[in-house]
Amino acid sequence: MWGKRILALIILILAAGIGFFVYKSEQGPLPTHPFRLGLDLFGGSHLVYKADVSQVPGGEVSDSMDALRDVIERRVNLFGVSEPVVQVQGGGFISQGEHQLIVDLPGVTDLEKAIEMIGQTPLLEFKVEAPAGTPQKATVDEEGKIVLDVDSQFISTELTGRYLKKASLEFDPNTREPMISLQFDDTGTTLFAEITKENVGKIVAIYLDGAPISTPVVREEIPSGQAIISGSFTPTEAKQLVGRLNSGALPVPITLLSKQTIGATLGGSAVAAGVKAAIIGFLLVALFLILRYRLPGLVAVVSLCIFIAIMLSLFKLIPVTLTAAGIAGFIISMGIAVDANVLIFERVKEELRSGKTIADALPAGFSRAWLAIRDSNISSILASIILFWFGTSLIKGFALTLGMGVLVSMFSAITITRIFLSAINFLGEGKAARFLFLSGLSK
Amino acid sequence: MFIIEHKKIFLILSAVLVTLSIFSIFIFGIKVGIDFKGGALTEVAFLGERPAQNELEEGLKSSSFGPVLLQPTGEKGYLIKSRDLTEAEHAELLKILSSDGKNQLTETNFNSIGPSVGRELTRKAIIAVILVSLTIICFIAFAFRKVSRPVSSWKYGLIAVATLLHDVAIPVGIFVILSRLYGAELDTLFVVAVLTVLGLSVSDTIVIFDRIRENLKSQANLAKIDFSETVGRSLKQSFARSIATSLTVILVLLSLFFFGPASTKYFALMLTAGMFFGTYSSIFLASPLLVLVEERQKKK
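Chains W and B, in that order, are what the protein sequence lines are.
For the first sequence, this note's numbering begins at 203 and goes up steadily by one.
For the second sequence, this note's numbering begins at 10 and goes up steadily by one.
Just so you know, not all the hints are guaranteed correct.
Below are the EDC-like pairs computed for lysine to aspartate or glutamate, each with C-alpha atoms no more than 16 angstroms apart in a straight line [said to hold, decoys possible]:
| id | chain 1 | residue 1 | chain 2 | residue 2 |
| --- | --- | --- | --- | --- |
| 1 | B | K90 | B | E116 |
| 2 | W | K252 | B | E129 |
| 3 | B | K90 | B | E194 |
| 4 | B | K274 | B | E194 |
| 5 | W | K315 | B | E96 |
| 6 | B | K70 | B | E98 |
| 7 | B | K104 | W | D312 |
| 8 | B | K104 | W | E314 |
| 9 | B | K85 | B | E116 |
| 10 | B | K133 | W | E300 |
| 11 | B | K17 | B | E303 |
| 12 | B | K111 | B | E64 |
| 13 | B | K245 | W | E552 |
Chain W residues, not near chain B, derived (Cβ > 10 angstroms throughout) [unchecked claim]:
| id | residue |
| --- | --- |
| 14 | L209 |
| 15 | A218 |
| 16 | F222 |
| 17 | S256 |
| 18 | A527 |
| 19 | D541 |
| 20 | S624 |
Label pairs and their calculated CB-CB ranges [stated by the list, open to error]:
| id | chain 1 | residue 1 | chain 2 | residue 2 | range |
| --- | --- | --- | --- | --- | --- |
| 21 | W | S256 | B | E64 | 44 to 50 angstroms |
| 22 | B | K226 | W | T617 | 24 to 30 angstroms |
| 23 | B | E64 | W | I405 | 34 to 40 angstroms |
| 24 | B | K104 | W | F222 | 48 to 54 angstroms |
Note that these hints are calculated values from the structure, not bench results.
Cβ coordinates follow ideal geometry from the N, Cα and C atoms, glycine included.
Input sequences plus hints: build the corresponding full structure.
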């Protein structure tokens, strides 16, 4: 019997440790394991794109979707968003072969900017001087000045940003001005060598997004595949451009299907309301358990506290992205978690009434309630699995917290409660003990 | 047991409620949210005084994105429903609402869903409902595979399914009336609520059937069994715990409804109704039905 008591003590200490971890990891300016809040609670943007994979050969679709995700992820990271989520979804039976890309940007409420940033493809081109004698085009602007059309003086080459291996930011050692160093891949190096060889003494214009940003004069052939763009960049501009060049072009075209922004204030009040509902829900359940089941009810409340500590720490450690629906799932799982206790205690009560001693009634109650507990939990778990699979992110959050809740409760409501109840059997079989184990609120 | 003795009353009550629910669905119809049909929902809050609704409606008439629906929300906000908007149209909408920047506002929520996304979600929802129902039917069949006399196990399964339909139909009927009165719309969370009700309410029925199963087994001589007496006794033994288990869930659901976030209010209400009728039906519908089936069987 002392073994059970020591075990119960160990569980209590462990649970206190978990509870302390949950509390401690939420403190301070930089919590080590903060709860991860979903967009609807934190505020932010949610974008769904459709990827057009019709031009991609069948076997390579999943690879090109992964490549797409990587490119978008790099672009999003450039934006400095904390914990963005970029995921690929679809294909196959459920979504009728439609491939979607889902981008979650917590804290970004400027939709226009976000969409622009994701859709932007930097177009890098190298152009050479048009042959002599090409007629100069010019237009007269509104103020009557003659403007030369520079573009007509250059013709495109095969060399584009496609052949770029890497771009990096450097500073001119003399002027300290930022410049961008380009390194081409093998094909690009050959092309660049050819272009520079044929155009010694002439201008090779570097175009970005259709506008010339740098028009250096070639002095000699460059066989190394390296080029430098020195425009009048600010360091920030140069850094962004390097990032954009490195993130590359999209492997598949995408179109925006749906978009959502949630203001941060709305999210904040939803969190507060969720916490309030959870606390009140817990108090109501605790009150009910103690009024109806007395001492075992109190033990069940302790188990419920352990259940909550385990759940919250799992949310932090896995981590689970909490949405309003996820919080709802957690709150409901508190109600379901004590179901097993209710089934057991009602059974124990019955056994006591039929004349058994407390020592006999407890194990009988546990073993006879097991079938019903198993069956009802299986149906909840099955429903959660299907919901999780059905899920948009909103529903996944609900199914995940509910399913986890049911699983954890099997441990907290059965194993832990049982250990605690057998640890307090020193009360004996007297009248007082029977009073504590029989329930209130009913005959 | 009075429930078994007066089973006709309870069966008729359930039948009336279900019929009313189905009628209300057909008469009022279900308002579908933008999750499923596509469209845009914009929610703004004005920093100063909220402009009059008819002024804004006048301004929105000249917009390029067709008819819009304007609803006041909160103290200083409006909710605008329209077809799905491009970024340019979205900007135009905000410009009109702020009267070209004269009335400062913040956008608290904007959601634009293309029709193809809605179609896909509808498909998924239908598949999920079918799958959950099938899984639960299989599960019931499995749980009652060993009970076969005097009522065969597939009849238990059939009754459990009928009870489930009852548990889903009544909350949906309530929702239709709510949607009529308060403009609630059928969204993703509604489907989740229905599926969760399916999962939770079946367990209640199982708890009681489980007791009947146990009591039947403990009787040595099957020929002597008074079936309706056994069912009545099982009900008496288990209705307290059946109510108690549901009550704990209903307590947290009510707390979620009254104090929880606005976005899950209808969700909590749907689940509360589902849990309530799930418990009601496992006591007042499933067991009386079982006795009715057995009586019919005997008459043959």
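Hint-by-hint comparison with the structure:
{"no.": "1", "hint": "B/K90 / B/E116", "in the structure": "14 angstroms, holds"}
{"no.": "2", "hint": "W/K252 / B/E129", "in the structure": "12 angstroms, holds"}
{"no.": "3", "hint": "B/K90 / B/E194", "in the structure": "12 angstroms, holds"}
{"no.": "4", "hint": "B/K274 / B/E194", "in the structure": "12 angstroms, holds"}
{"no.": "5", "hint": "W/K315 / B/E96", "in the structure": "10 angstroms, holds"}
{"no.": "6", "hint": "B/K70 / B/E98", "in the structure": "14 angstroms, holds"}
{"no.": "7", "hint": "B/K104 / W/D312", "in the structure": "15 angstroms, holds"}
{"no.": "8", "hint": "B/K104 / W/E314", "in the structure": "14 angstroms, holds"}
{"no.": "9", "hint": "B/K85 / B/E116", "in the structure": "12 angstroms, holds"}
{"no.": "10", "hint": "B/K133 / W/E300", "in the structure": "13 angstroms, holds"}
{"no.": "11", "hint": "B/K17 / B/E303", "in the structure": "14 angstroms, holds"}
{"no.": "12", "hint": "B/K111 / B/E64", "in the structure": "13 angstroms, holds"}
{"no.": "13", "hint": "B/K245 / W/E552", "in the structure": "12 angstroms, holds"}
{"no.": "14", "hint": "L209", "in the structure": "27 angstroms, holds"}
{"no.": "15", "hint": "A218", "in the structure": "24 angstroms, holds"}
{"no.": "16", "hint": "F222", "in the structure": "25 angstroms, holds"}
{"no.": "17", "hint": "S256", "in the structure": "15 angstroms, holds"}
{"no.": "18", "hint": "A527", "in the structure": "6 angstroms, violated"}
{"no.": "19", "hint": "D541", "in the structure": "4 angstroms, violated"}
{"no.": "20", "hint": "S624", "in the structure": "22 angstroms, holds"}
{"no.": "21", "hint": "W/S256 / B/E64: 44 to 50 angstroms", "in the structure": "47 angstroms, holds"}
{"no.": "22", "hint": "B/K226 / W/T617: 24 to 30 angstroms", "in the structure": "27 angstroms, holds"}
{"no.": "23", "hint": "B/E64 / W/I405: 34 to 40 angstroms", "in the structure": "58 angstroms, violated"}
{"no.": "24", "hint": "B/K104 / W/F222: 48 to 54 angstroms", "in the structure": "52 angstroms, holds"}
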